[in-house]
Amino acid sequence: MSALLEVKDLVTAYGKIEALRGVSLEVAEGSITCLLGPNGAGKTTLMMTVAGILRAKKGLISFSGKSIASLQPHAIVASGIALVPENRLVFPGMTVIENLRAGAYQRRDDLAGDIERLLGRFPRLKERSEQLAGTLSGGEQQMLVVARALMSRPRLLLMDEPSLGLAPLVVEEIFRIIAELHRDGVSIFLVEQNAHMALKVAQHFYLIEQGRVTFSGDPGSLAEDEVIRRAYLGSAKQ
Amino acid sequence: MFLDLAQNTLDGLARGSAYALLALGFTLVFGVLRRVNLSYGPAIMLGCYLATWASMAIHANLILLLAVSVAGTVLAGAYVERLCFAPHRKGSAIAAMVASFALWMQLEELAVLALPRHLYAFPALYEGSPLQFLGLTLRVESGVMIVVAAGVCVALRRTLYHSKFGLAVRAAVENPVAASLAGISLPGVFVRVFAVASALGGLAGFLISATHEQVTPMLGMWSTLKGLLAMMLGGLGSLPGAVIGGLALGLVEAHSQWFFGPQLRDLIAYLLLFLLLAMRPRWMTTQSAS
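Protein chains in written order, with our numbering: chain A, 1 to 238; chain B, 1 to 290.
Certain hints may be false.
With a cut-off of at most 25 Å between alpha-carbon atoms, the simulated DMTMM-like pairs for lysine to aspartate or glutamate come out as follows [claimed, not checked]:
no.: 1; chain 1: A; residue 1: K58; chain 2: A; residue 2: E116
no.: 2; chain 1: B; residue 1: K90; chain 2: A; residue 2: E116
no.: 3; chain 1: B; residue 1: K164; chain 2: A; residue 2: E224
So, partial list: chain A residues that the calculated Cβ filter (under 8 Å) puts toward chain B [unchecked claim]:
no.: 4; residue: E18
no.: 5; residue: A69
no.: 6; residue: H74
no.: 7; residue: V77
no.: 8; residue: G80
no.: 9; residue: I97
Please keep in mind that the hints were generated in silico from the structure rather than gathered at the bench. We treat Cβ as the ideally placed atom computed from N, Cα and C, and that holds for glycine.
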């Protein structure tokens, strides 16, 4: 498997504070790759930098061999990357259908088929397709943001803590959908706090602590309680 | 007495329709870019001067003059956007506003210095006698103003809710980060919204100049003040609010001119704004552009 996304020596700073201090990692084509780490480690910063919302100070980001570090966010979407951001950023005053149409803004072809297919995959959204997104429950909003990201037909889906703050049953559903998408051939780069669930679906994972990658391996290569300890608390040595 | 009140109301609605058009342009820019464009009026003034020039130089007909007003205003607007708003897209809103104030002065000086006479005749929209009905009088120009303003409202609503561009505009207003992540180019939306607002300004400027049958450098300041006032009355950033604010301003002016005389007319409008800002009712603080 070749690297679909390659990040090399990435530094992103807020003013003088470096949130990423030279991060290098790869997401293989067709894989689910997971990024674990404690709060403030730089996971969301990495996602936002890859998506072009934040600008890297140094380093390379390449997607299927092409550098995307200098592209605007909408051009990155056009190149085949979609981010499901943290905190469920729906358009609250727009209907479910309008949210989906917005997700396909870069596309010129007919959307009806894709909307129908996605609503089939997310039956709860189908029931509420004409409702304003702001009136949906947290879980439904998360489904909507995932569906909206899929409307751009991404080759790589970035997901930033999709299970955060959701009821256990909804979390199960989210992970079921992640597995389904993976079967359909979408590569997924997943940031998670829920290390237990993430390690069940991922083929590869990275640990990030204080802006640096501190471990990289397969789910079996480090005892799960050790992963969880470091993902939540960081390693004591640092 | 009742007839006078009705007549004042009619005049106020016509006046208010012009203010509503100006306020819509202001509100589009404020609601989407979160920026106040003080150079809005001066850009309109330049567009209208270009139209008077076209009328004198090539005796253009009204349709062509409308096109020249709109094109001229959009061109002047593009200049303002490049200089004031494109460089401050992520920066301070105050910096953009101050820059647009500087361009206001620049454009106004340009008009004063480059044009030997200050007052230029503008072709009349309609030369015939006014309409008479039920004892009321309505100038045809005023009727056109009301109809055009209503038409613009319908067209804007349709565009916002039933077009791909409208979808992008609403998404950018609701959540700029999410809009970027959905693949919507924010700079692209901003530039196009600015162009639409400028075109609306050109349309309003054409109707106002053709009603007054003249253009002066004061048109710039007048348009900025009236549009800004109407937008604030309607509660910053809401398009229906801009229309209501414009109509309310027109009605207040028409009635206070009748009851208190033209000297007190503007004072009363500003007093009203002051009272509303001091009391801040709930509808004034809503911030949606829909």
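Cross-check of the supplied hints:
1. A:K58 - A:E116: 42 Å, violated
2. B:K90 - A:E116: Violated: K90 of chain B and E116 of chain A sit about 37 Å apart, past 25 Å.
3. B:K164 - A:E224: 48 Å, violated
4. E18: Violated - the Cβ of E18 of chain A stays beyond 8 Å from chain B, reaching only about 20 Å at its closest.
5. A69: Violated. Min distance 16 Å.
6. H74: Status holds, d = 4 Å.
7. V77: 4 Å, holds
8. G80: With a minimum Cβ separation of about 11 Å from chain B (threshold 8 Å), the hint on G80 of chain A is violated.
9. I97: Because about 10 Å separates I97 of chain A from the closest Cβ in chain B, which is outside the 8 Å limit, the hint is violated.
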